[in-house]
Amino acid sequence: MRNLIFEEPEVRVPGQGSSSLRYAWESIRAPVIIPLLKLAVIICSIMSIMLFVERVAMAIVIFIVKVLRKKRYTKYNLEAMKQKLERNQRFPVVLIQIPMYNEKEVYKLSIGAVCGLSWPTDRFIVQVLDDSTNEVLRELVELECQRWMRKGVNVKYETRRNRNGYKAGALKEGLEKQYVEDCEFVAIFDADFQPEADFLWNTIPYLLENPKLGLVQARWKFVNSEECMMTRLQEMSLDYHFSVEQEVGSSTYSFFGFNGTAGVWRIQAIKDAGGWKDRTTVEDMDLAVRASLQGWEFVFVGDVKVKNELPSTFKAYRYQQHRWSCGPANLFKKMTMEILCCERVPLLKRLHLIYAFFFVRKIVAHWVTFFFYCIVIPACVIVPEVHLKKQIAIYIPATITILNAVSTPRSMHLLVLWILFENVMSLHRTKAAIIGLLEANRVNEWIVTEKLGNAMKQRKNARPSSRTSWFRIIERVHLLEIIVGMYMLHCAIYDLLFGHDHFFVYLLLQAGAFFTMGFGQVGTIVP
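So the sequence shown is residues 1 to 527, counted in UniProt numbering.
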């Protein structure tokens, strides 16, 4: 069998069944498959090295920052700034926006947390931007706002007749209200975010101290990271984003993106940037890029953490990752020339923004993970004429993985599961990035990430009907994952029977991960 696969193709008339398939394979293998696979290996190797260099560079910066204990925000004396603010009693008026859409399970949490902020009640306005389509839920949200109004909090309940622009449209219209004219800063919290009472005290002083500062971004703290294995693995990825990517961008005075929530903007910076735009699904990143090109500076304050919820159902997580991967790729396409032509910003910073922030982190990272680790490496198993160097196939990916995982030490024992999970998700991220670059039909798809809040505690005893159960089972099946899983299983069996490099161990594990997620056996199952 091995000799038949590896021998040079001969010109002969194919037989029936398997002979026809074997003849077709042999006839295209040498002239087509091998050259294409060699080219794919070269391209993927280059992308892998690009990602490796980027990760190592950030690791060096974060190591220096931690050793010297000089994160950018530590150069400010926060306590002195607080005391100065208390002495002069010149509290700026702060607008706090809470955009929401059918947030039945969590709306009380965010409204309650924001209304409980320890800031003079006459110096902040809570603006609840409710785009809910459920009329009953709208009434409940309005009643909750009225309850806090009776307690003396200045709450404005705003609704729209349409959802034009989705979140960006709601935030934009919110800033256009007449009562916002007196506000100097705006804090934004998604409906599942619960800031601590001293949030404004720990963020506003930076903006008052440095007039060049346009944004103060806080870190996220996940309240449901222990809910299931999927939330633990998400925590590992997001911890790296905050503790490394955001911290490095802030400490080196280079660009880092606004996360869409748990941040405070100077309203003038938003105006200078041209306001909110809905041209992509990452309106937060879009605004941050434009503000940065106008010369505004950002600071990431990692010590300020805001509680929020991770998507715990696989369906919600897939939709979120599509938006987070498609949007940046689409924005990269739309803004590359604008960034290059902006003379206000130093050339080095512009190149860093295009190459490191967009190209390597938002496109190459997804593509190399899926195409190299899930397509090209398995293909090399069944086409042994294409040789993979261990440095490229093993050592570089291992280094990148370790650098990503060290941000969550408590989950280091889940490292293998995290690798398998991220490789499966790279399928969706790669597809989404391609859709963003090509501006295909799902490029502006906006589906709000489902939040469960305390719903699971209330539903744990619920028993769905057999019809609902069968519908849920069918809904959880994802064909793309299953197809890739079958491909990797085929390659694993081939390597087990005929190979000598033991790649089958990885391929079997990865195929199992694709099948597990393909049949929806991951995340929280909602009754």
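Because the hints were derived from the structure by calculation, they are not lab data. You may find that some hints are simply not true.
Said to hold, decoys possible - With a Cα cut of at most 30 Å, we get these calculated DSSO-like pairs of lysine-lysine:
(1) K104 / K156
(2) K151 / K82
(3) K84 / K66
(4) K277 / K334
(5) K70 / K334
(6) K212 / K38
(7) K177 / K108
(8) K334 / K307
(9) K349 / K71
(10) K277 / K315
(11) K82 / K66
(12) K307 / K271
(13) K333 / K38
(14) K334 / K315
(15) K221 / K70
(16) K315 / K75
(17) K104 / K315
(18) K212 / K315
(19) K212 / K82
(20) K277 / K221
(21) K82 / K271
(22) K431 / K333
(23) K104 / K177
Said to hold, decoys possible - Here are the simulated distance ranges between beta carbons:
(24) H387 / H490: 18 to 28 Å
(25) G275 / L496: 33 to 43 Å
(26) V345 / E158: 29 to 39 Å
(27) I402 / R279: 17 to 27 Å
(28) K212 / H352: 50 to 60 Å
(29) T252 / I402: 17 to 27 Å
From a predicted model like this one, the values you see are computed outputs, not experimental measurements. In this text, a Cβ means the ideal position worked out from N, Cα and C, and glycines have one as well.
Each hint, compared with the structure:
In summary, the hint linking K104 to K156 is supported, as the alpha carbons are separated by about 19 Å, within the 30 Å threshold. Restraint check for K151 and K82: the C-alpha separation of about 26 Å stays at or below 30 Å, so the hint holds. The hinted pair formed by K84 and K66 meets the criterion: a straight-line CA distance of about 29 Å does not exceed 30 Å. Of the supplied pair hints, the one linking K277 and K334 holds, its CA atoms being roughly 12 Å apart against a limit of 30 Å.
For the hint pairing K70 with K334, the CA-to-CA distance comes to about 36 Å; that exceeds 30 Å, so the pair is violated. For the suggested pair K212 and K38, the alpha carbons sit about 50 Å apart, so the restraint of at most 30 Å is broken. Taking the CA atoms of K177 and K108, the gap is near 24 Å; set against the 30 Å cutoff, the hint holds. Under the criterion of a C-alpha separation no larger than 30 Å, the hint pairing K334 with K307 is inconsistent with the structure, at around 33 Å.
At roughly 19 Å between alpha-carbon atoms, K349 and K71 fall within 30 Å of each other, so this suggested pair holds. Our distance criterion of 30 Å between C-alpha atoms is met by K277 and K315, whose separation comes to about 27 Å. Among the hinted pairs, K82 with K66 is consistent with the structure: their alpha-carbon atoms are about 25 Å apart, no more than 30 Å. With a C-alpha separation of about 29 Å, the suggested pair K307 and K271 falls inside the 30 Å cut-off, and the hint holds.
Pair hint K333 plus K38 holds up; C-alpha atoms about 29 Å apart against a cutoff of 30 Å. Of the pairs offered as hints, the one joining K334 and K315 holds, with about 29 Å between alpha carbons and a cut-off of 30 Å not exceeded. Annotation: proposed proximity of K221 to K70 holds, straight-line Cα distance about 22 Å (limit 30 Å). Only pairs whose Cα atoms come within 30 Å are accepted, and K315 paired with K75 is rejected, the gap being roughly 43 Å.
Distance hint between K104 and K315 is fulfilled; the C-alpha atoms sit about 18 Å from each other, no more than 30 Å. Between the alpha carbons of K212 and K315 the distance comes to roughly 41 Å, so the proposed pair goes past 30 Å and is violated. A hinted pair counts as satisfied when its Cα atoms are at most 30 Å apart, and K212 with K82 qualifies at roughly 19 Å. About 28 Å separates the Cα atoms of K277 and K221, which keeps this hinted pair within 30 Å; it holds.
For the suggested pair K82 and K271, the alpha carbons sit about 27 Å apart, so the restraint of at most 30 Å is met. Taken as a hint, the K431 and K333 pair is honoured in the structure, with Cα atoms around 16 Å apart against an allowance of 30 Å. Annotation: proposed proximity of K104 to K177 holds, straight-line Cα distance about 26 Å (limit 30 Å). At about 21 Å, the beta-carbon gap between H387 and H490 stays in the expected band of 18 to 28 Å.
A hinted range of 33 to 43 Å is violated for the C-beta pair G275 and L496, which are about 58 Å apart. Range check, V345 to E158: Cβ separation about 35 Å, and the 29 to 39 Å hint holds. Taking the beta carbon of each, I402 and R279 are about 38 Å apart, not inside 17 to 27 Å as hinted. Taken as a hint, the range 50 to 60 Å is violated for the pair K212 and H352, whose Cβ atoms sit roughly 19 Å apart.
Range check, T252 to I402: about 22 Å between beta-carbon atoms, so the 17 to 27 Å window is met.
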